[in-house]
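Can you make the complete structure from the sequences, with help from the hints?
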Amino acid sequence: MGGVISVHSSRGGTGKSLISANLAVILARRGRDVSLLDLDFRAPSLSTIFRAGDYRLVEHWTNDLLTGRCPVERVMIDLTERYGTKGRLLVGLANPSLDAIREMMAMSREQEMEALRRLLALRRTLTGGMEMDHVIYDTSPGIQYPSINAVVSSDISLVVTTLDALDVEGVRHMLTELYDAFGKKSVILVNKVFPGDHPWPDKKREELLQQLGATFNRPILAMIPCYCDVLQADRTTIFALENPDHPFTGALREVAERLERVSPPP
Amino acid sequence: MAAEGPEGGQTSTAMERVREALDRISSKIDRLMEMDERILQLLAESGAPRRVEKPPEFRGALDVMTLLALPDHLRKSAMVVCEANGGATADEVAERTGRARAVESGYLNQLVAMGHLEKRRKGRRVYFFVVEGGSG
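Chains A and X, in that order, give the protein sequences.
Residue numbering for the first sequence follows my numbering, beginning at 7 and increasing consecutively.
Residue numbering for the second sequence follows my numbering, beginning at 8 and increasing consecutively.
No lab work stands behind these hints: they were computed from the structure.
Please read all numbers here as calculations on a predicted model, not as lab measurements.
Among these hints, one or two may not hold up.
To be verified - Here are some, though not all, of the chain X residues that point toward chain A, as calculated from beta-carbon distances under 10 Å:
id, residue
1, L49
2, D70
3, V71
4, M72
5, L75
6, D79
7, R82
8, Y134
9, V137
Claimed, not checked - Now the in silico label distances, taken between C-beta atoms and shown as ranges:
id, chain 1, residue 1, chain 2, residue 2, range
10, X, R24, A, E183, 36 to 46 Å
11, X, E44, A, G18, 44 to 54 Å
12, X, A28, A, D186, 34 to 44 Å
13, X, R103, A, L215, 30 to 40 Å
14, A, I83, X, A51, 45 to 55 Å
15, X, D98, A, D186, 25 to 35 Å
16, X, M22, A, L215, 39 to 49 Å
17, A, D186, X, R24, 34 to 44 Å
Positions of the beta carbon are idealized from the N, C-alpha and C atoms, including for glycine.
This is the structure in structure tokens:
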């Protein structure tokens with residue numbers, strides 16, 4: 007059975023959705039069967055990245071999975087052909103309409119308990135029955151119901167952070183208060199570390215890597231430089247596909263490889 | 008290193024007997040608690056006031072925030088039951104948590120008393136389930 011990887015962060019703006027979408031496509035192009043699900047119900051973004059266009063045309067959303075309105079087979083959109091991937095690429099989008107966001111934010115404790123139960127069952131369906139090699143959850147940041155549900159129902163989390171002190175402190179807090187409490191495995195991805203066009207000397211990079219390892223007490227999967235053109239790129243396309251030779255794409259390929267070492271496909 | 012002598016063998020046999028005895032006691036406690044629950048249920052059905060009212064703040068759904076608020080040892084047991092598809096016995100939970108069956112049974116019964124889990128007997132085995140639709 008494949009594994010479920012939740013991509014999480016302590017605050018917004020760390021690059022979580024960009025990284026999730028690109029990793030899913032990179033892994034599928036390598037021949038892995040990948041399901042990517044947007045579980046950030048407060049600020050859905052995969053519908054923009056995957057150009058759902060007029061979202062009224064999408065019939066079923068990941069919201070419907072958690073509320074039990076429809077099964078996963080009807081939520082997942084098959085984008086294998088669109089992106090020419092060797093493996094299957096299935097994407098589940100979260101509903102960006104205000105009504106849907108409001109509904110998800112107003113769920114009762116009982117409904118959140120049901121949502122967790124459904125997510126645990128979803129893991130069995132996607133990795134078991136549907137035989138996915140990787141399931142990637144793009145979660146909402148911080149400690150709130152949708153993100154904790156996603157983390158608790160995952161096998162491992164890729165926690166994305168920047169070097170901003172607020173991010174670092176937030177992640178440290180999350181690791182002890184949430185990940186340790188549930189005994190959940192996690193690895194850290196540090197994004198936008200130093201300017202991509204002015205790379206740091208190896209010694210300085212190594213020192214930072216050791217310092218971050220000690221700060222988080224978790225494996226640091228990668229440190230990705232900050233590229234202005236990535237930040238300015240069209241968010242309705244897959245960066246790695248449009249820019250296969252860009253160092254950011256190279257860094258993400260490396261992340262995909264390392265991720266498969268900690269969360270191997272079956 | 009000294010080989011295990013006859014005394015070592017006797018100790019392990021004695022330990023085995025103690026473990027079996029503890030398991031028997033634990034099963035009996037389970038049955039007594041079930042009888043207690045049944046009596047309370049019958050009393051409630053007959054309209055008589057309940058002897059012990061469980062504090063309402065401890066009852067309800069086992070959502071992630073409630074799980075986070077549980078003490079570590081109870082959260083571990085509760086998570087195994089949450090992940091089990093179709094309930095779990097104390098033995099199954101103990102196997103996953105790596106704790107003694109008697110200890111695990113105690114924790115699971117605490118979660119039942121707190122209103123987060125319920126137990127149902129299927130033949131000779133008792134299964135623990137997450138309570139659905141708690142009062143919250």
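So, going through the hints one by one against the coordinates:
Proximity of L49 of chain X to chain A is violated relative to the hint, the smallest CB-CB distance being about 27 Å (cut-off 10 Å). The interface hint given for D70 of chain X holds, since its Cβ lies 4 Å from the closest Cβ of chain A, which is under the 10 Å cut-off. Of the supplied interface hints, the one on V71 of chain X holds, with its beta-carbon coming within about 4 Å of a beta-carbon of chain A, less than 10 Å. Residue-level restraint check for M72 of chain X holds (minimum Cβ-Cβ distance to chain A is 7 Å; threshold 10 Å).
Annotation: L75 of chain X was flagged as interfacial toward chain A, and the flag holds, the nearest CB pair being 6 Å apart, inside 10 Å. Taking 10 Å as the C-beta contact cut-off toward chain A, the hint placing D79 of chain X at the interface holds, the least distance being around 7 Å. Among the interface hints, the one on R82 of chain X holds; its C-beta lies about 7 Å from the nearest C-beta in chain A, closer than the 10 Å criterion. A least Cβ separation of about 16 Å between Y134 of chain X and chain A goes past the 10 Å threshold, and the interface hint is therefore violated.
Given the 10 Å rule on beta carbons, the hint for V137 of chain X holds: about 7 Å separates it from the nearest Cβ of chain A. Range check, R24 of chain X to E183 of chain A: about 43 Å between beta-carbon atoms, so the 36 to 46 Å window is met. Distance hint for E44 of chain X and G18 of chain A: a CB-CB separation of about 47 Å, consistent with the stated range 44 to 54 Å. Between A28 of chain X and D186 of chain A the Cβ separation comes to about 36 Å, which falls inside the hinted range of 34 to 44 Å.
Between R103 of chain X and L215 of chain A the CB atoms are about 35 Å apart, so this pair conforms to the stated range of 30 to 40 Å. Hint check: I83 of chain A to A51 of chain X, Cβ distance near 50 Å, so the stated range 45 to 55 Å holds. Range check, D98 of chain X to D186 of chain A: about 27 Å between beta-carbon atoms, so the 25 to 35 Å window is met. At roughly 48 Å, the beta carbons of M22 of chain X and L215 of chain A sit within the given window of 39 to 49 Å.
Between D186 of chain A and R24 of chain X the beta carbon distance is about 38 Å. The supplied range of 34 to 44 Å therefore holds.
Taken one by one, the earlier hints fail for this structure at numbers 1, 8, listed in ascending order.
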